[in-house]
Amino acid sequence: MSTDEIPDQIGHFGPYGGRFVPEALIGALEELDLAHQSALADPLFQAELAHLHATYTGRPSILTEAKRFAEHAGGARILLKREDLNHTGSHKINNVLGQALLTKRMGKKRIIAETGAGQHGVASATAAALFGLECVVYMGEEDTRRQSLNVARMKILGAEVIPVTAGSRTLKDAINEAMRDWVTNVDTTHYLLGTVAGPHPFPTMVRDFHKIIGEEAKRQVLELVGRLPDAVLACIGGGSNAIGIFHDFIPDTQVRLIGFEAGGDGVETGRHAATITGGSPGVLHGTRSYVLQDANGQTIESHSISAGLDYPGVGPEHAYLHDIGRAEYRAITDAQAMEAFDLLSKTEGIIPAIESAHALAGAMIVGKELGPDAILLINLSGRGDKDVETAAHYFGIPL
Amino acid sequence: MNTPLDRVLVKAKSENRAALIAYIPAGFPSIEGCKRVIKVLADSGVDALEIGFPYSDPVMDGPTIQEAADISLRAGTGAAEVFETVKFAHEAGLPTVVMTYWNPIEKFGVEAFAKEMARNGGSGVITPDLTIEESREWKSATTSAGINTIFVVAPSTAEKRLGDVTAQCSGFVYAASLMGVTGARTTISSGAKDLVARIRTTTQTPVAVGLGVSTREQAKDVAGFADGVIVGSAFIKILLNAGDEETGLKEVSELARELALGVREGR
Numbered sequence: 001m002s003t004d005e006i007p008d009q010i011g012h013f014g015p016y017g018g019r020f021v022p023e024a025l026i027g028a029l030e031e032l033d034l035a036h037q038s039a040l041a042d043p044l045f046q047a048e049l050a051h052l053h054a055t056y057t058g059r060p061s062i063l064t065e066a067k068r069f070a071e072h073a074g075g076a077r078i079l080l081k082r083e084d085l086n087h088t089g090s091h092k093i094n095n096v097l098g099q100a101l102l103t104k105r106m107g108k109k110r111i112i113a114e115t116g117a118g119q120h121g122v123a124s125a126t127a128a129a130l131f132g133l134e135c136v137v138y139m140g141e142e143d144t145r146r147q148s149l150n151v152a153r154m155k156i157l158g159a160e161v162i163p164v165t166a167g168s169r170t171l172k173d174a175i176n177e178a179m180r181d182w183v184t185n186v187d188t189t190h191y192l193l194g195t196v197a198g199p200h201p202f203p204t205m206v207r208d209f210h211k212i213i214g215e216e217a218k219r220q221v222l223e224l225v226g227r228l229p230d231a232v233l234a235c236i237g238g239g240s241n242a243i244g245i246f247h248d249f250i251p252d253t254q255v256r257l258i259g260f261e262a263g264g265d266g267v268e269t270g271r272h273a274a275t276i277t278g279g280s281p282g283v284l285h286g287t288r289s290y291v292l293q294d295a296n297g298q299t300i301e302s303h304s305i306s307a308g309l310d311y312p313g314v315g316p317e318h319a320y321l322h323d324i325g326r327a328e329y330r331a332i333t334d335a336q337a338m339e340a341f342d343l344l345s346k347t348e349g350i351i352p353a354i355e356s357a358h359a360l361a362g363a364m365i366v367g368k369e370l371g372p373d374a375i376l377l378i379n380l381s382g383r384g385d386k387d388v389e390t391a392a393h394y395f396g397i398p399l
Numbered sequence: 001m002n003t004p005l006d007r008v009l010v011k012a013k014s015e016n017r018a019a020l021i022a023y024i025p026a027g028f029p030s031i032e033g034c035k036r037v038i039k040v041l042a043d044s045g046v047d048a049l050e051i052g053f054p055y056s057d058p059v060m061d062g063p064t065i066q067e068a069a070d071i072s073l074r075a076g077t078g079a080a081e082v083f084e085t086v087k088f089a090h091e092a093g094l095p096t097v098v099m100t101y102w103n104p105i106e107k108f109g110v111e112a113f114a115k116e117m118a119r120n121g122g123s124g125v126i127t128p129d130l131t132i133e134e135s136r137e138w139k140s141a142t143t144s145a146g147i148n149t150i151f152v153v154a155p156s157t158a159e160k161r162l163g164d165v166t167a168q169c170s171g172f173v174y175a176a177s178l179m180g181v182t183g184a185r186t187t188i189s190s191g192a193k194d195l196v197a198r199i200r201t202t203t204q205t206p207v208a209v210g211l212g213v214s215t216r217e218q219a220k221d222v223a224g225f226a227d228g229v230i231v232g233s234a235f236i237k238i239l240l241n242a243g244d245e246e247t248g249l250k251e252v253s254e255l256a257r258e259l260a261l262g263v264r265e266g267r
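Just so you know, the protein sequences line up as chains L and X, in that order. With the numbering used here applied, the first sequence covers 1 to 399. With the numbering used here applied, the second sequence covers 1 to 267.
These aren't lab readings, by the way, just hints derived from the structure by calculation. Where hints are given, some of them may not hold.
Result set (DSBU-like, lysine-lysine): computed pairs, CA atoms no more than 30 angstroms apart in a straight line [stated by the list, open to error]:
1) L:K109 to X:K160
2) L:K104 to X:K160
3) X:K160 to X:K35
4) L:K109 to L:K218
Pairwise CB distance ranges (calculated) [unchecked claim]:
5) X:G146 to L:T188: 42 to 50 angstroms
6) X:G146 to L:E30: 46 to 54 angstroms
7) X:S144 to L:L222: 50 to 58 angstroms
8) L:F131 to X:E245: 33 to 41 angstroms
9) X:R119 to L:G266: 36 to 44 angstroms
10) L:I397 to X:E246: 35 to 43 angstroms
11) X:A158 to L:D252: 50 to 58 angstroms
12) L:A129 to X:L240: 38 to 46 angstroms
Virtual Cβ for every residue (Gly too), placed ideally from N, Cα, C.
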């Protein structure tokens, strides 16, 4: 194996990635890596996953051209990859079904998951119900309040939801608690991590389960317009939907890849979750990447109206793509995201997740930069049903 | 390498007993209160000290140490306070190591951290989330600074990996007695004894056992097969529950004296 292979055998993307975990977890990570490698090479596994996607997820997800929305994006052609139409309402199901099949393959009976917005928790609870696995979801207490509807959904699906009261009571603390559970119960339990962060093999494995988004979208765009898009846009928290749609386009260097981080109140205010834009290299949750941290290396709490992007870290492959200049990362404020949320709802009849609205706000900017000849592919990673209450409060709609 | 930690472990061995190693986070219960606790530990039979660098995301720690770390962080503890505490403990006559998650070292600067440890009289550093695969720069920095590198080995560590990890350890090998996070347990897993035996087939470096030890009886059991007995959460629990600092210090002293007897009764 060549030394400049990305990632290398222990998950390094240049200086990023790797494994920074208690020794107790190494055995489980190696087992998982082997299971993932053997599944990749196993046609039966791939066929089972493809069958699930065709008959359960609802893949391929469709491409929708947003013509009325495009009027607000400099007249560029706006193509939406509709991951919001997947079963459970977001791209998260792609990874969850893959890892649930791996859980079975490893002979484990219990899965644990962390969740911020609740989308990954709901997807995990769904897969657990489908495969008859025990499921425990850790969720920051603050997020259980912001996303109470998703908490109810997880419970209806038979999962146990444990509110985490430590630290900032959000996604990062839910991950801490899930890792503590995993260290303790690793023999019987698979940690179904929901994003392209964490120790190797998670960033690579989760990407592999999501890259179908970009593979489908590339075919669909070529079929519809006969050429590659000028830019591919996605929102970024941990970065799973973004890497999913970016990955197949990485070799197509004429296609710009642009990730939109949660700028919260504005990066300059310090109240944001824009890890690459406003953070620095460090280690968090088992991987080296960009991190929001203070002078002592303590994690700084992130802020975003979107619970799913409210995370002070980001996947190591994004850090790498940023540093080598292959992808660009920009910040979108809460206000910009909510404007795009409102606009897509009113111009296209599609209520996006607030997470995905960050990418839509990005499209409004990039479309104006590139003009009416441009074709933009945007990952509409989730639907906004879960955000109706937040949006109603934001826009002053009485409930 | 011959640090104060190396020397105290040799001394304990020559007395045919295990060493008692106590853990306290820097800045807990306060910056100055921590120093008073250290003084009490030094006067109550503790052989060596682990000073915790409080961290915002301590995934290896149970609720007791998490709470202490939160208190310490709120008091503003950072690298400067950690090194100040190391210096104090060293001057109080205790061989001292720092236990820290990796990111604070990386943020401080890998080489600078090792140097600063040595400059303040620290013997070494325990790095619970630094895997040996990621440790090359750290090994080189600690070797030039002349301090010990202590890695944690778990019951799940595979045979073929065990020797690779222990080969990177100096001072002692930290054997995690069980699969789990820090915190007092009523029983010490029988797996600890097996793990220590497995470690000894790979290395001559002393082995200390941590996770869960809180009583004289448990210290005695562990001292029967390990070179060091590490106690952390039990001291912290006392300090968290004590009505006032004086009571806390008195109870810490009593527990330390009991444990010091325990590590002498094991063989």
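Index of numbered hints that the structure contradicts, given in increasing order
3, 4, 6, 8, 10 and 11
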